[in-house]
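Protein chains: 2
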Amino acid sequence: MARIRVYGDLRSGNCYKVWWILNQNGLDYKWIDVDVLAGQTKRAEFLTLNPNGRIPVAVFPEKGVLTESNAILNYLAEGSSLFPDDRWQRAKVMQWQFFEQYNHEPTIAVNRFIKQYLKMPSDRQQQYERNLVAGKQALEVMEHQLQQTPFLCGTHATTADIALYAYTHVAHEGGFDLSTVVSIQAWIKRIESIDGHLNMAAASAKQGSAATN
Amino acid sequence: MARIRVYGDLRSGNCYKVWWILNQNGLDYKWIDVDVLAGQTKRAEFLTLNPNGRIPVAVFPEKGVLTESNAILNYLAEGSSLFPDDRWQRAKVMQWQFFEQYNHEPTIAVNRFIKQYLKMPSDRQQQYERNLVAGKQALEVMEHQLQQTPFLCGTHATTADIALYAYTHVAHEGGFDLSTVVSIQAWIKRIESIDGHLNMAAASAKQGSAATN
Numbered sequence: 001m002a003r004i005r006v007y008g009d010l011r012s013g014n015c016y017k018v019w020w021i022l023n024q025n026g027l028d029y030k031w032i033d034v035d036v037l038a039g040q041t042k043r044a045e046f047l048t049l050n051p052n053g054r055i056p057v058a059v060f061p062e063k064g065v066l067t068e069s070n071a072i073l074n075y076l077a078e079g080s081s082l083f084p085d086d087r088w089q090r091a092k093v094m095q096w097q098f099f100e101q102y103n104h105e106p107t108i109a110v111n112r113f114i115k116q117y118l119k120m121p122s123d124r125q126q127q128y129e130r131n132l133v134a135g136k137q138a139l140e141v142m143e144h145q146l147q148q149t150p151f152l153c154g155t156h157a158t159t160a161d162i163a164l165y166a167y168t169h170v171a172h173e174g175g176f177d178l179s180t181v182v183s184i185q186a187w188i189k190r191i192e193s194i195d196g197h198l199n200m201a202a203a204s205a206k207q208g209s210a211a212t213n
Numbered sequence: 001m002a003r004i005r006v007y008g009d010l011r012s013g014n015c016y017k018v019w020w021i022l023n024q025n026g027l028d029y030k031w032i033d034v035d036v037l038a039g040q041t042k043r044a045e046f047l048t049l050n051p052n053g054r055i056p057v058a059v060f061p062e063k064g065v066l067t068e069s070n071a072i073l074n075y076l077a078e079g080s081s082l083f084p085d086d087r088w089q090r091a092k093v094m095q096w097q098f099f100e101q102y103n104h105e106p107t108i109a110v111n112r113f114i115k116q117y118l119k120m121p122s123d124r125q126q127q128y129e130r131n132l133v134a135g136k137q138a139l140e141v142m143e144h145q146l147q148q149t150p151f152l153c154g155t156h157a158t159t160a161d162i163a164l165y166a167y168t169h170v171a172h173e174g175g176f177d178l179s180t181v182v183s184i185q186a187w188i189k190r191i192e193s194i195d196g197h198l199n200m201a202a203a204s205a206k207q208g209s210a211a212t213n
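Just so you know, the protein sequences line up as chains S and Y, in that order. Per the working numbering: the first sequence = residues 1 to 213. Per the working numbering: the second sequence = residues 1 to 213.
These are calculated hints, taken from the structure and not from any lab test. Heads up, a few of these hints could be off.
No copy is singled out in the list; a pair is fine if it fits within one copy or between any two copies.
[To be verified] Okay, derived cross-link-like pairs now, EDC-like style, lysine to aspartate or glutamate, Cα gap no bigger than 16 angstroms in a straight line:
(1) 119 with 129
(2) 189 with 28
(3) 42 with 140
(4) 63 with 86
(5) 63 with 177
(6) 63 with 140
(7) 42 with 62
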């Protein structure tokens with residue numbers, strides 16, 4: 001596979017998912033930092049790459065442009081046990097990833113963004129409060145599953161776990177308390193014991209030092 | 001395949017996606033009406049089926065429960081050209097479906113719900129106005145692609161098209177004007193010329209009459 005180019009920002013859980021699988025699977029890639037807060041995703045040059053104005057974006061020299069973190073994650077995980085071949089298992093992986101993008105990311109990641117990066121502006125306060133309730137419900141849906149199985153789709157880690165780990169392990173930065181969801185806590189530890197795993201802070205540190213080499 | 005049970009409401013585009021593929025692929029199923037407006041998805045009995053309290057839900061007697069419309073759609077389309085085997089093509093299908101659940105559904109479907117079903121309550125007015133802007137942007141992202149290719153992932157219809165057709169062909173019910181997005185209009189006609197295709201209104205009529213037999 002020719003060298004993949006990835007446009008992203010490692011403060012974003014969506015970008016971290018892609019970084020995680022690139023590193024986990026030892027793929028050759030070039031990481032290009034894009035600063036959302038500085039408006040770089042809305043510039044004309046970036047919009048020719050992704051008209052939706054979002055990161056991450058992956059460019060595969062022989063194939064083209066792929067957007068949407070979970071689509072990139074699954075594509076890069078093909079052939080590994082993280083994205084199982086079994087048709088039913090794949091459907092379950094996708095189920096959890098659609099849940100992530102619809103229920104989890106818009107509440108938990110958005111509250112982290114409002115609190116951590118926007119520093120809680122008053123015009124986002126109401127949305128933040130609503131998201132606290134909806135995000136808690138999303139965590140409870142995960143907790144319900146993780147009381148029954150060690151990983152979201154059963155006995156083994158899949159890209160569904162990576163997709164949901166991304167913003168769950170930093171959920172406290174958005175004001176979410178994980179102390180009552182003990183099965184989620186145990187699941188986080190299970191993911192963090194995967195060989196070669198780095199969490200978002202460690203990924204940022206590693207990528208940051210790589211950029212200076 | 002043993003008989004599939006699907007819990008849904010054909011006023012919902014998410015449920016319609018599942019109905020569409022069941023009918024298109026001639027699958028044997030039992031449709032169970034669930035009324036979201038009457039709060040049926042939040043009842044204890046339903047929550048044991050889907051702790052996330054949402055429809056559609058598909059129950060496969062030999063496998064288990066599958067939720068999330070696009071996961072069900074893809075699973076049921078396996079083996080047909082609508083969900084291609086090629087790894088890159090599948091990634092592109094997922095890309096558009098994640099876009100649908102993150103950018104399109106929360107704006108276009110939600111505005112249809114606010115306008116058509118909730119009859120525009122004043123406490124949803126602000127959200128409705130915001131969604132008009134964000135939904136228009138989502139339509140422009142689709143238009144940009146459909147200016148280049150007849151279907152979202154290239155020359156053939158895939159489950160990405162069905163996923164996005166669901167709420168796009170009824171977007172006017174949410175207050176969206178499709179008159180300026182001419183490539184979307186042509187794409188809608190292309191999908192509606194697929195053999196055996198029924199739009200959401202025709203599906204409701206057919207399912208309604210089936211229920212009385």
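How would you classify residue 63 and residue 177 at a CA-CA limit of 16 angstroms: within, between, both, or neither? For residue 63 and residue 177, the Cα distance exceeds 16 angstroms both inside one copy (42 angstroms) and across copies (34 angstroms).
Under a CA distance limit of 16 angstroms, which applies to residue 119 and residue 129: within one copy, between copies, both, or neither? within (14 angstroms within a copy, 25 angstroms between copies)
Tell me, please, which holds for residue 42 and residue 62 at an alpha-carbon limit of 16 angstroms: within, between, both or neither? neither (26 angstroms within a copy, 47 angstroms between copies)
My question is about residue 189 and residue 28: at a cut-off of 16 angstroms on alpha-carbon distance, are they close within one copy, between copies, both, or neither? Neither: 28 angstroms inside a copy, 43 angstroms across copies.
Can you give me the call for residue 63 and residue 140, within, between, both or neither, at a CA distance of at most 16 angstroms? Neither: 39 angstroms inside a copy, 24 angstroms across copies.
What label fits residue 63 with residue 86 when the C-alpha limit is 16 angstroms: within, between, both, or neither? Classified as between: cross-chain Cα gap 12 angstroms, same-chain 25 angstroms, threshold 16 angstroms.
Up to 16 angstroms CA-CA - residue 140 versus residue 42, copy category: between (35 angstroms within a copy, 14 angstroms between copies)
Violated hints for the displayed structure, listed by number in ascending order: 2, 5, 6 and 7.
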